[in-house]
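Take the given structure of chain A and dock chain B to it, following the hints.
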Amino acid sequence: MREIIAAPLAGLDLRKHYGHHQSPAVRAGGLIFCSGMLPVDPHTGERRHGTLTSEAHVVLGNLKLLLESAGSSLERLVQVHALIYDSIEYDVLNRVYRQYVANGPPARTVWTVQIEAGFKIQLDVVAAA
Amino acid sequence: MSAKREVIPLPVRAPDTASGSGPPASMVVRGGDFLFVSGLTAADLQSGERMLGTTANETRQILINLKQLLDAAGSSLDKVVKVNVLLRSMLEEPNMNEVYARFFPDQPPARTVCGARLPDGVKVIVECTALA
Numbered sequence: 021m022r023e024i025i026a027a028p029l030a031g032l033d034l035r036k037h038y039g040h041h042q043s044p045a046v047r048a049g050g051l052i053f054c055s056g057m058l059p060v061d062p063h064t065g066e067r068r069h070g071t072l073t074s075e076a077h078v079v080l081g082n083l084k085l086l087l088e089s090a091g092s093s094l095e096r097l098v099q100v101h102a103l104i105y106d107s108i109e110y111d112v113l114n115r116v117y118r119q120y121v122a123n124g125p126p127a128r129t130v131w132t133v134q135i136e137a138g139f140k141i142q143l144d145v146v147a148a149a
Numbered sequence: 011m012s013a014k015r016e017v018i019p020l021p022v023r024a025p026d027t028a029s030g031s032g033p034p035a036s037m038v039v040r041g042g043d044f045l046f047v048s049g050l051t052a053a054d055l056q057s058g059e060r061m062l063g064t065t066a067n068e069t070r071q072i073l074i075n076l077k078q079l080l081d082a083a084g085s086s087l088d089k090v091v092k093v094n095v096l097l098r099s100m101l102e103e104p105n106m107n108e109v110y111a112r113f114f115p116d117q118p119p120a121r122t123v124c125g126a127r128l129p130d131g132v133k134v135i136v137e138c139t140a141l142a
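Respectively, the protein sequence lines represent chains A and B. The numbering used here puts the first residue of the first sequence at 21, with every later residue one more than the last. The numbering used here puts the first residue of the second sequence at 11, with every later residue one more than the last.
This is chain B alone, in the form it adopts within the complex:
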């Protein structure tokens, strides 16, 4: 018996994994009852252009994109079970937390936040697991 594994097709153009110009990662993959979302950085989902800014602004953009991706995959922010937030500096944790709280008004998912070296000058990466 094998459980369902499916790369979720999304109505966004970037990053383009198929042409090989983007990173070799799918944004959302379903495995069993769960959706696994790749670490997201702040970008315009349509153009793929980076939207680097403050920790608060990057967090906001990422979570707007996450909402759109989950909705497109038939899930939603309400169904997120676990979030990992990677920050360039843990000193920025309160700035991330304040914006983050607006996207999960009640019964927020489990979450781990840590500081790490992030690529390309980004300040925030968010990855998550949600119920499909």
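Looking at chain A on its own, in the form it has when it is part of the complex:
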């Protein structure tokens, strides 16, 4: 049984705004798989470019909205792939990230990759449903 999770706010529907052929999240087997989360305005879908810190706040805020709308939460994250544009920002990432996963943080891997539209961060996560 596979269930598509719709965007809780219009701006989080990247398929509608940017033509990305993907669902915001899918629930299956007791888990929630989220599409790569980007720093876009959750109401308008507008790109919110900034520092890695400011982009990370937007991404984690969006992730919180999406997970909570699906009956999960940041506390229920199981695994995170934190994609960043440059490994030099690793410590910067940790400073922001830490604020959102204070208790029993999820498993995590940080990758340095090229992210769409020149963004500095993207989060790819699995949470318990």
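Worth flagging that the hints you see were computed from the coordinates, not collected in a lab. A couple of the hints might just be wrong.
[Stated by the list, open to error] Subject to a maximum C-alpha distance of 20 Å in a straight line, what follows is the list of computed SDA-like cross-link-like pairs (lysine to any residue):
id: 1; chain 1: B; residue 1: Lys89; chain 2: A; residue 2: Arg22
id: 2; chain 1: A; residue 1: Lys36; chain 2: B; residue 2: Asp116
id: 3; chain 1: B; residue 1: Lys89; chain 2: A; residue 2: Met21
id: 4; chain 1: B; residue 1: Lys77; chain 2: B; residue 2: Pro115
id: 5; chain 1: A; residue 1: Lys36; chain 2: B; residue 2: Phe113
id: 6; chain 1: B; residue 1: Lys14; chain 2: A; residue 2: Lys36
id: 7; chain 1: B; residue 1: Lys14; chain 2: A; residue 2: Leu113
id: 8; chain 1: A; residue 1: Lys36; chain 2: B; residue 2: Ala13
id: 9; chain 1: A; residue 1: Lys36; chain 2: B; residue 2: Arg112
id: 10; chain 1: B; residue 1: Lys89; chain 2: A; residue 2: Arg47
id: 11; chain 1: A; residue 1: Lys36; chain 2: B; residue 2: Lys77
id: 12; chain 1: B; residue 1: Lys89; chain 2: A; residue 2: Thr129
id: 13; chain 1: B; residue 1: Lys89; chain 2: A; residue 2: Ile24
id: 14; chain 1: B; residue 1: Lys77; chain 2: A; residue 2: Arg22
id: 15; chain 1: B; residue 1: Lys89; chain 2: A; residue 2: Gly50
id: 16; chain 1: A; residue 1: Lys36; chain 2: B; residue 2: Phe114
id: 17; chain 1: B; residue 1: Lys77; chain 2: A; residue 2: Met21
id: 18; chain 1: A; residue 1: Lys36; chain 2: B; residue 2: Asn105
id: 19; chain 1: A; residue 1: Lys36; chain 2: B; residue 2: Pro115
id: 20; chain 1: A; residue 1: Lys36; chain 2: B; residue 2: Asn107
id: 21; chain 1: A; residue 1: Lys36; chain 2: B; residue 2: Ala111
id: 22; chain 1: B; residue 1: Lys89; chain 2: A; residue 2: Ala149
id: 23; chain 1: A; residue 1: Lys84; chain 2: B; residue 2: Phe113
id: 24; chain 1: B; residue 1: Lys89; chain 2: A; residue 2: Gly49
[Said to hold, decoys possible] Partner residues are not named here, just some residues of chain B that face chain A (Cβ under 10 Å, in silico):
id: 25; residue: Leu96
id: 26; residue: Cys124
id: 27; residue: Gly125
id: 28; residue: Pro129
id: 29; residue: Ala140
id: 30; residue: Leu141
Values in this document were obtained by computation on a predicted structure and should not be read as measured data. From the three backbone atoms N, C-alpha and C, an ideal C-beta is built for every residue, glycine too.
Chain B alone, transformed into the frame defined by chain A:
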């Protein structure tokens, strides 16, 4: 209590993990309710020959193979929950996306796309998780 873990036997010849000539990876492994599919590059599933080309062509070949692998494992593209697409260049994202959309006509899986250095001159790698 331990959940099921099984390397899915597939009716394809390549890559041949058993003889040690291919990469030390199984193409499809079942764990619990899920099938985990290794990162696929564009190749002929029967001969194992690489089929390098444009981003669009590599994407098409990979997804044709993915469909075949999932069907053989008793799953299907409809049961895919998450896809990760790695591209040599994010400038090619629209070319990948257009082909990709044809394979998941409605209710597409969750997906993450990023640009990365890929081995052996390939332009696209696709890995996925599906319900068994």
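Comparing the hints with the structure gives:
For the hint linking Lys89 (chain B) to Arg22 (chain A), the alpha-carbon distance of about 7 Å falls within 20 Å, and the restraint holds. Proposed proximity of Lys36 (chain A) and Asp116 (chain B) is supported: the alpha carbons are some 13 Å apart, at most 20 Å. Restraint check for Lys89 (chain B) and Met21 (chain A): the C-alpha separation of about 8 Å stays at or below 20 Å, so the hint holds. For the suggested pair Lys77 (chain B) and Pro115 (chain B), the alpha carbons sit about 14 Å apart, so the restraint of at most 20 Å is met.
Taken as a hint, the Lys36 (chain A) and Phe113 (chain B) pair is honoured in the structure, with Cα atoms around 18 Å apart against an allowance of 20 Å. In summary, the hint linking Lys14 (chain B) to Lys36 (chain A) is not supported, as the alpha carbons are separated by about 38 Å, beyond the 20 Å threshold. Distance check on the hinted pair: Lys14 (chain B) and Leu113 (chain A) sit about 36 Å apart at the alpha-carbon level, beyond 20 Å; violated. Only pairs whose Cα atoms come within 20 Å are accepted, and Lys36 (chain A) paired with Ala13 (chain B) is rejected, the gap being roughly 38 Å.
With a CA separation close to 17 Å, the supplied pair Lys36 (chain A) and Arg112 (chain B) stays within the 20 Å bound. For a cut-off of 20 Å, the pair hint linking Lys89 (chain B) to Arg47 (chain A) stands: about 11 Å separates their Cα positions. Restraint check: the Cα-Cα separation between Lys36 (chain A) and Lys77 (chain B) comes to about 26 Å, which exceeds 20 Å; the hinted pair is violated. Only pairs whose Cα atoms come within 20 Å are accepted, and Lys89 (chain B) paired with Thr129 (chain A) is rejected, the gap being roughly 26 Å.
As the CA atoms of Lys89 (chain B) and Ile24 (chain A) are separated by approximately 11 Å, the hinted pair is consistent with the 20 Å bound. Restraint check: the Cα-Cα separation between Lys77 (chain B) and Arg22 (chain A) comes to about 17 Å, which is no more than 20 Å; the hinted pair holds. Pair hint Lys89 (chain B) plus Gly50 (chain A) holds up; C-alpha atoms about 15 Å apart against a cutoff of 20 Å. Proximity of Lys36 (chain A) to Phe114 (chain B) is assessed by CA-CA distance (about 16 Å); at most 20 Å being required, the pair is judged to hold.
Simply put, Lys77 (chain B) and Met21 (chain A) have alpha-carbon atoms about 19 Å apart, close enough for the 20 Å limit, and the pair holds. Among the hinted pairs, Lys36 (chain A) with Asn105 (chain B) is consistent with the structure: their alpha-carbon atoms are about 17 Å apart, no more than 20 Å. For the hint pairing Lys36 (chain A) with Pro115 (chain B), the CA-to-CA distance comes to about 15 Å; that is within 20 Å, so the pair holds. Between Lys36 (chain A) and Asn107 (chain B) the alpha-carbon distance is near 14 Å, which keeps this suggested pair within the 20 Å criterion.
Distance restraint check for Lys36 (chain A) and Ala111 (chain B): the Cα-Cα separation of roughly 13 Å lies within the 20 Å cut-off, and the hinted pair is therefore satisfied. As the CA atoms of Lys89 (chain B) and Ala149 (chain A) are separated by approximately 18 Å, the hinted pair is consistent with the 20 Å bound. Using a Cα cut-off of 20 Å, the hinted pair Lys84 (chain A) and Phe113 (chain B) is violated, with the two alpha carbons roughly 30 Å apart. As the CA atoms of Lys89 (chain B) and Gly49 (chain A) are separated by approximately 11 Å, the hinted pair is consistent with the 20 Å bound.
For the restraint placing Leu96 (chain B) at the interface with chain A, the shortest Cβ-Cβ distance is roughly 8 Å, inside the 10 Å limit, so the hint holds. Taken as an interface hint, Cys124 (chain B) checks out: its beta carbon lies about 4 Å from the nearest beta carbon of chain A, inside 10 Å. Annotation: interface hint on Gly125 (chain B) holds; nearest CB of chain A at approximately 3 Å, less than 10 Å. Annotation: interface hint on Pro129 (chain B) violated; nearest CB of chain A at approximately 15 Å, more than 10 Å.
Interface restraint check: Ala140 (chain B) against chain A, minimum CB-CB distance 9 Å, threshold 10 Å, status holds. A least Cβ separation of about 5 Å between Leu141 (chain B) and chain A falls short of the 10 Å threshold, and the interface hint therefore holds.
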